[in-house]
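Q: Chain order of the listed sequences is A and B. So the first sequence is numbered by the working numbering: it starts at -6 and just counts up by one. So the second sequence is numbered by the working numbering: it starts at 44 and just counts up by one.
Check the hints yourself; a few may be wrong.
Okay, the calculated beta carbon distance ranges per label pair [said to hold, decoys possible]: (1) A/S259 x B/P460: 40 to 50 Å; (2) A/Q330 x B/I196: 55 to 65 Å; (3) A/K258 x B/G426: 50 to 60 Å.
These aren't lab readings, by the way, just hints derived from the structure by calculation. Note that the structure is a prediction, hence the values are computed from the model and not measured. Positions of the beta carbon are idealized from the N, C-alpha and C atoms, including for glycine.
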Amino acid sequence: MDKENIRNFCIIAHIDHGKSTLADRLLELTGTISERDMTTQVLDSMDLERERGVTIKASAVRMEYQAADGQTYVLNLIDTPGHVDFSYEVSRALAACEGAVLVVDASQGIEAQTLANLYLALEADLDIVPVVNKIDMPLARADEVSMELADLLGGGLDDVLLVSAKAGTNAQAVLEAVVQRVPPPAGDASAPLRALIFDSHYDSYKGVVAYVRVVDGEVLKGRALHLMATDVRTEPVEIGTFSPAMHPTGRLGVGEVGYIATGLKSVQECRVGDTLTYATGPAVDLLPGYRPVKPMVFAGIYPTEAEDYNALRDALEKLRLNDASLVFEPETSQALQFGFRCGFLGLFHMEIVQERLEREYDLDLIATAPSVAYQVVTTQGDLLEVSSPADLPDPEGIAEILEPWMEVQVFTPSDYIGPIMELMTRRRAEVGATEYLDPQRIILHYRMPLAEMIIDLHDRLKSATRGYASLDYTFEGYRPGKLLKLDILVNKDPVDALALIVHRDKVYEKGAALVEKMREVIPRQQFAVPIQAAIGGRIIARATVKALRKDVLSKCYGGDVTRKRKLLERQKAGKRRMKQFGEVVIPQDAFLAVLKLEE
Amino acid sequence: MQLTQHDRFGSARPLVAPNHPTAVYVHVPFCRARCAYCDFATTAGLEHLIPAYVAAVCREIEAAGARWGRLRVPTLYIGGGTPSLVPPADLEQLLDALRAAFRLADDAEVTLEANPGTLAPPYLAHLRDLGVNRLSLGVQSAHAGELQMLGRIHTWAQAVEAVSAACAAGFDNLSLDLIYGLPRQALQRWEETLRAALALAPQHLSLYALTVETGTPLAGRIARGTLPPPDDDLAADMVELAEALLAEAGYFHYEISNWARSDQRLADRGWQIPPDILSETVSPFVCRHNLVYWRNAPYLGFGAGAASWFGGERWVNVDHPQTYIDRIATGASPVAETEHIPRPLEMGETMMMGLRLAEGVSDARFRARFGASLEAVCAKALGQLSRRGLLSWDGRAARLTAQGRLLGNQVFAHFLPPLDR
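The following block holds chain A by itself, in its conformation from the complex (with noise of 0.2 Å):
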């Protein structure tokens, strides 16, 4: 295909705000489905992401389109995860296309994360195609949507195209717009081979299966290819294009999209974001924008049954078959035994592991309540980096903590810039500039800790907004902080897997609530069980879980045995699921407590 013929393109939008069914669309214009093989939404392949109603996972789909002017485009829609914790992924995904459409929802209008992605697309030098979508909603305020769009984009409202993907509405008129608007790739066809990786999936008889934009040169099979960050040699598998179904042309041009079966075992050898070229006659540089992946949130995951250590391990390598960004690495609690130190994106990310650990092999879990990663310099001057409470040196030996700060940036209508400056200002922000969009919609920036954003503050923030705010956040950097670590303890015994690392101003006051949810969520037992916060050996809150006073069936008799025997098999079941410390038993929601502290 003649690389002017080519037009690589994706879709960006707010969550819900209807990219997958603009797609779906797509796909049954150009007959690369019909409409009898849709199952809604083909893009989003798990079951995860359909019931979550967003696309974790990228994907690649070549269309074959006769537009009005008479010729056949190649059009490549290339997915992008719709989630602020793989912005990285999204922007490699960017960056291997020429055109973004734009996708709002015309009664919710423009949100953070459409403008987060926005800006990725225009920093990736994207032309734009803004549309409105669901204009058929009762409460669309379409032509309004509009304006704000053309007002962002600087262009005109001609160019903004209305649309309802649901309905079918003027989903030409989006081809059409790819075609004039979104330029064909450019790139040298006779330079050594440039690939930009921008997502994998692990198959079971092909191994690796990179997601390529041909840049300069073309792939073709029977040469071995080199990965340059990660220096790796190969001899590919398979070439072909994703139609959507995997499909070997043997061959990829300058400009194409497709996909290259490295043979490669692991998806860590094969990084979204490297360059691909030739193993000889290589090319010299790498493709601009490589970061080596960096988990940024972290937390333990214990089996609940130690016996299932090694079908959780099992389970988190099938796992990071498929998700490169998944880090875990074995770790030993006093309280919890045997697990994993596990490192996330964001906590979305993490929220998605643990699901799919417990949904996909059927695995009970503890999971310790989520930590940021800090950098902690010894009294001797050493560097360590400690993303386990439980890991921080003795006070006397820790000369400072850093901690990683986060850029900010909230979208919210004018209204609200009360409660969510209450909101930030809480949890430690500095105040940065107010951007006016228009009169009644602005960007409020901010920078604050990561630790102080891990914690629901994307749920508080919406609570405070009625939904209408949404944020965007990048690494900023690591800053010294006044930060303690805060043991509590169970029945006396200091459980390890329950620390926590917190600010020095907030210590007491987290404390208190913390033992005081402890109460709450550990059932009570045959004896009372204290619940302290301690700083150093230094009680500094305390709550007593009361002992259980009565708990037997009053009637049983005949008719009732079976009903009430199960009764009982049900609680003991239950209770299995806690952990057993000693005479106490503590559930999962005791580690997550710190998640659930009212403001």
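Given the coordinates of chain A, assemble chain B onto it according to the supplied hints.
A: Coordinates of chain B only, in the frame set by chain A:
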């Protein structure tokens, strides 16, 4: 009619020996009004079905008699619902059928549950004539507001009247049901109810903690916040108060929720009693029928929703009276569900039920039944629970301690699946 379920399994396991006594229960699922807390197999407003229902129960009884040969029946219990809604003629038909199908002992304990609002003297006389020798009266509370909250159709005055009418009719074995742990019920209110009940000097008392069952009107009111949920700690105080008051009044606490009047001074003996509750030296008023359940001995249940435990299986009939009538009428089995109870589970159930009794579970009886000692089967649970002070185990019998009686579920669970690995 054929009870095919039993035929199918009957050959696989030896049935209970024909001479082994078998208790019989008959369920009467009709009430004038449903109580606010009730989730039993009962219906209100279907009393017109009673004659057809009784006829159907008689057919089920006849079939069982034919199936197993006239089993010896030492106790009969007619429960509900409100059995006292059944007219004398229908009751007579029922008892005739039972006597024809089984060998009802001359000294059999024959209990009928009655709502105090339904008992008139002539009816009581009929009951005596039919051989009913024990009445269980659901009087529940001496407090008008509480009776109303519970949705009871009678007053305390009617309860008092019913007791004296029953005595006048010649009943000398009366049991009263009381309920405690009600929303807003203060300890003192409970004491008033207890004292009012004791003033009637019943031979037997059953004290039940209110259980808020899902789907009942009471559960709805609590969920909506118009009633506070019951306070379990207060309920524990109420049990302790009742234990003290009843011991003082000469009642023998022989099961978690049941007391029998004794001529002996029991106050200082408390829960520790001879190995066999039935020894007359303790009390002649222990409910022999319910004892069959707690000892996990066999029983047959007839009627809608009735459960049976016989020959290694437990089965339960369909709940709704109309469905039950239709099944019997078409010759179909009334059984809704049958559960085969394997030995280890039977042991667990024997513990779960037997530990409810003051006599506990004796090693001798356990050994005779299962061919293995208690120690061999559940040494770990016995040890753990003894250490926790919930159980006493002296090598001959396992019994709940005072704290174990309040935390019985924690004890029972130890003997049930999922068994500790």
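Q: Tell me the hint numbers this structure goes against, listed in increasing order.
A: Going through the list in order, the structure violates no hint and respects every one.
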